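Visitor: Now for the letters of each chain:
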Amino acid sequence: MGSRPGGRGKRRLQCWAVTAGLLLLGCALSGALLALDHTGGFVSMIFVLVVVLVARLTDGYAYGAAASFVGVVCVNYIFTYPYWEFNFTISGYPLTFFTMLSVSLIVSALTSQIKRQEQLRVETDRETMRANLLRAVSHDLRTPLTSIVGSASAILENDALLPPQQKTALLRNVRSEAQWLIRMVENLLSITRMGDGTARLSKELEAAEEVLSSVAGKFQQRFPGIQLTLTAPREALFVPMDAILIEQVLMNLLENAAAHGQSSAILLSAERQSAGAVFTVRDNGLGIPEEILPEIFSPALPGKLHAGDDRRNMGIGLSVCSSIVKAHGGSMSACNVREGGAMFRFTLPMEESEEVLS
Amino acid sequence: MKIKDRVLIVEDEQSISSFIAAVLEANGYDALTARTGSEAVSAITSHCPDVILLDLGLPDMDGMGILKFVREWSTCPIVVVSAREHERDKVEALDAGADDYIVKPFGTSELLARIRTAIRHTRTPLPNSDIAQSGQFRAKGLVIDYDKHQVLVDGENARLTQNEYKLVSLLGKHAGRVLTYDFIIRQLWGPGAKSDNQILRVNMANIRRKIEKNPAQPEYIFTEIGVGYRMVDPD
Chain A
1 MGSRPGGRGK RRLQCWAVTA GLLLLGCALS GALLALDHTG GFVSMIFVLV
51 VVLVARLTDG YAYGAAASFV GVVCVNYIFT YPYWEFNFTI SGYPLTFFTM
101 LSVSLIVSAL TSQIKRQEQL RVETDRETMR ANLLRAVSHD LRTPLTSIVG
151 SASAILENDA LLPPQQKTAL LRNVRSEAQW LIRMVENLLS ITRMGDGTAR
201 LSKELEAAEE VLSSVAGKFQ QRFPGIQLTL TAPREALFVP MDAILIEQVL
251 MNLLENAAAH GQSSAILLSA ERQSAGAVFT VRDNGLGIPE EILPEIFSPA
301 LPGKLHAGDD RRNMGIGLSV CSSIVKAHGG SMSACNVREG GAMFRFTLPM
351 EESEEVLS
Chain P
1 MKIKDRVLIV EDEQSISSFI AAVLEANGYD ALTARTGSEA VSAITSHCPD
51 VILLDLGLPD MDGMGILKFV REWSTCPIVV VSAREHERDK VEALDAGADD
101 YIVKPFGTSE LLARIRTAIR HTRTPLPNSD IAQSGQFRAK GLVIDYDKHQ
151 VLVDGENARL TQNEYKLVSL LGKHAGRVLT YDFIIRQLWG PGAKSDNQIL
201 RVNMANIRRK IEKNPAQPEY IFTEIGVGYR MVDPD
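The listed protein sequences correspond, in order, to chains A and P.
The numbering used here puts the first residue of the first sequence at 1, with every later residue one more than the last.
The numbering used here puts the first residue of the second sequence at 1, with every later residue one more than the last.
Rather than coming from a laboratory, the hints here were simulated on the basis of the structure.
As the structure is a computational prediction, the values presented were derived from the model and not from experiment.
Be aware that a few hints might be false.
[To be verified] Calculated pairs, SDA-like style, for lysine to any residue (alpha carbon to alpha carbon, straight line, at most 25 Å): (1) K326/A x E87/P; (2) K213/P x F223/A; (3) K203/A x P289/A; (4) K104/P x W189/P; (5) K203/A x E25/P; (6) K213/P x S264/A; (7) K140/P x K104/P; (8) K203/A x E87/P; (9) K203/A x F19/P; (10) K210/P x L162/A; (11) K203/A x Q198/P; (12) K210/P x A131/A; (13) K326/A x A131/A; (14) K167/A x S18/P; (15) K326/A x F238/A; (16) K104/P x S269/A; (17) K326/A x S151/A; (18) K203/A x S109/P; (19) K326/A x P289/A; (20) K210/P x V122/A; (21) K167/A x F19/P; (22) K218/A x S109/P; (23) K10/A x V122/A; (24) K194/P x E204/A; (25) K218/A x D235/P; (26) K167/A x E25/P.
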């Protein structure tokens, strides 16, 4: 919030507005009540309340202190006898001022402390997520690397003994494991591209159909046997996005459909809806096991899926997808289709949100 | 004896350079390797390769420096090798005169295709000699008629606007090559034009709806995201 240089000035203005607004409200309320009851004993209480609210709703100490000062002046000048005149000889007056000031300082201190703790918690969460991811990745990298080293040594050390078909099979194995590693690294690069979550994405308006066709081209090179059908929006649809990251999302979804869902046909489409640009990847494969559906985008998934099957990349791929979509201010969902197969769908906002622009 | 096309591989990683050399030699090319920028410069000046495969990240010298050095005196085709996360690099390299780019990690078939295209383009001195002879560009069902200023799809006039026609005809003249957004804007609207590629994209979206059967699965004009457009090779 306050960390963005552009947002800081705006936030400061907001704080002053809150301070001024609450003080005016306090004055108005006191004035109204004073018309009913001339003793005015409640005026200080009202201003104490105003000071508490100001200190709670603004950043730092300045606004609360300013509010308590103005409050004291108001109480003295306007709302206590003699009206519209300063009178510093009223007994207990320094006490009122002292009370207001200390209340404001204490509440401000508590507020800043809460905010700091909140920030600390977010950082810890992020750290934990990173550590989990790193653990999952290291675990997942070891398997293909072992297989690559093993296959290569087998060929080098037993060159004369191995029949050609077996050598070819081993080399194929090396290639497919290395390709898997490349995909994994691409996902990791996407994470670094998003930075630590505070950096802004480099968004540009991209035509949805161009992104779809670009992904489709790359996908068909890897999986030529799968029938891929693309549907473009009837009107050209320009969506603000980081195209490299969104391509990564679509690629992960397509690969999951092909590798884990064992689909033979995939539908890929983009359309404009009221919520934004909706991208859909629908396949005719095995679908998603019901037991993992609720936490399918969680980074904790890879460990659970790891039972030696070929689903290694799925968890990381999907959690990367969902982080990318979230970083764009969008949302993502997954479900099974009644006719068979899985459907992944994500929505990207069409307009830059106000927060991004500020 | 058959004279082979000579490819210079400028790449500092020994393992990558040796695998590329093996693939090229197996496919009938003469492969030379250079591991540093200075080696590359001396190899280019002494051997005059037919194609240069240039990795942009070299230890002693910026790859862009070599590109600019070669472009001062030679039109030898240069295919730039870049990494995925440096997408600005390949646009800069294309604008500085590189003929094509390939992104690491690449497959051997992709590599061979790029080298073949790059060599073919030097053999045709004009951007596309067919156009000079027949006044037409033909690729599958698409015909660009440069004399009549119209584009036909499966024999029917696609009814492009003037800007759309200018864009398609430019891509047709450089078919097979990626043209960057900046290059296209400069060619279409002059050197002073604001390099805002939004107008270009809107034009392209309209063109695609006029000439492609399915705009999401184009047959003729391909998008290289973040870089530019490429027209399919002519028949």
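Visitor: Mind checking the alpha carbons of K326/A and A131/A for me, to see if they're no more than 25 Å apart?
Guide: holds (20 Å)
Visitor: Is the Cα-Cα distance between K203/A and E25/P 25 Å or less?
Guide: Cα-Cα ~43 Å, so violated.
Visitor: Next pair to validate is K326/A with F238/A; report whether the Cα-Cα distance is within 25 Å.
Guide: Cα-Cα ~19 Å, so holds.
Visitor: Can the restraint linking K203/A and F19/P be considered satisfied, given a maximum Cα separation of 25 Å?
Guide: violated (37 Å)
Visitor: Run the distance test for K203/A versus P289/A: straight-line Cα separation, threshold 25 Å.
Guide: Answer violated: K203/A to P289/A is near 35 Å, above 25 Å.
Visitor: Please verify whether K326/A and E87/P have alpha carbons no more than 25 Å apart.
Guide: holds (23 Å)
Visitor: Check the hint pairing K104/P with W189/P against an upper bound of 25 Å on the C-alpha distance.
Guide: Measuring from Cα to Cα gives roughly 34 Å; hence the hint is violated.
Visitor: Is K10/A close enough to V122/A, meaning Cα to Cα at most 25 Å?
Guide: Within the cut-off at roughly 23 Å; holds.
Visitor: Assess, step by step, whether the Cα of K218/A is no farther than 25 Å from the Cα of S109/P, and give holds or violated.
Guide: holds (13 Å)
Visitor: Can the restraint linking K326/A and S151/A be considered satisfied, given a maximum Cα separation of 25 Å?
Guide: The given pair, whose Cα atoms are some 40 Å apart, is violated under the 25 Å limit.
Visitor: Is the straight-line distance between the alpha-carbon of K140/P and that of K104/P 25 Å or less?
Guide: Measuring from Cα to Cα gives roughly 31 Å; hence the hint is violated.
Visitor: Compare the distance between the alpha carbons of K210/P and L162/A with 25 Å, and conclude whether the hinted pair is satisfied.
Guide: violated (57 Å)
When held up to the earlier numbered hints, the structure conflicts with 3, 4, 5, 7, 9, 10, 12, 16, 17, 18 and 20 and fits the remainder.
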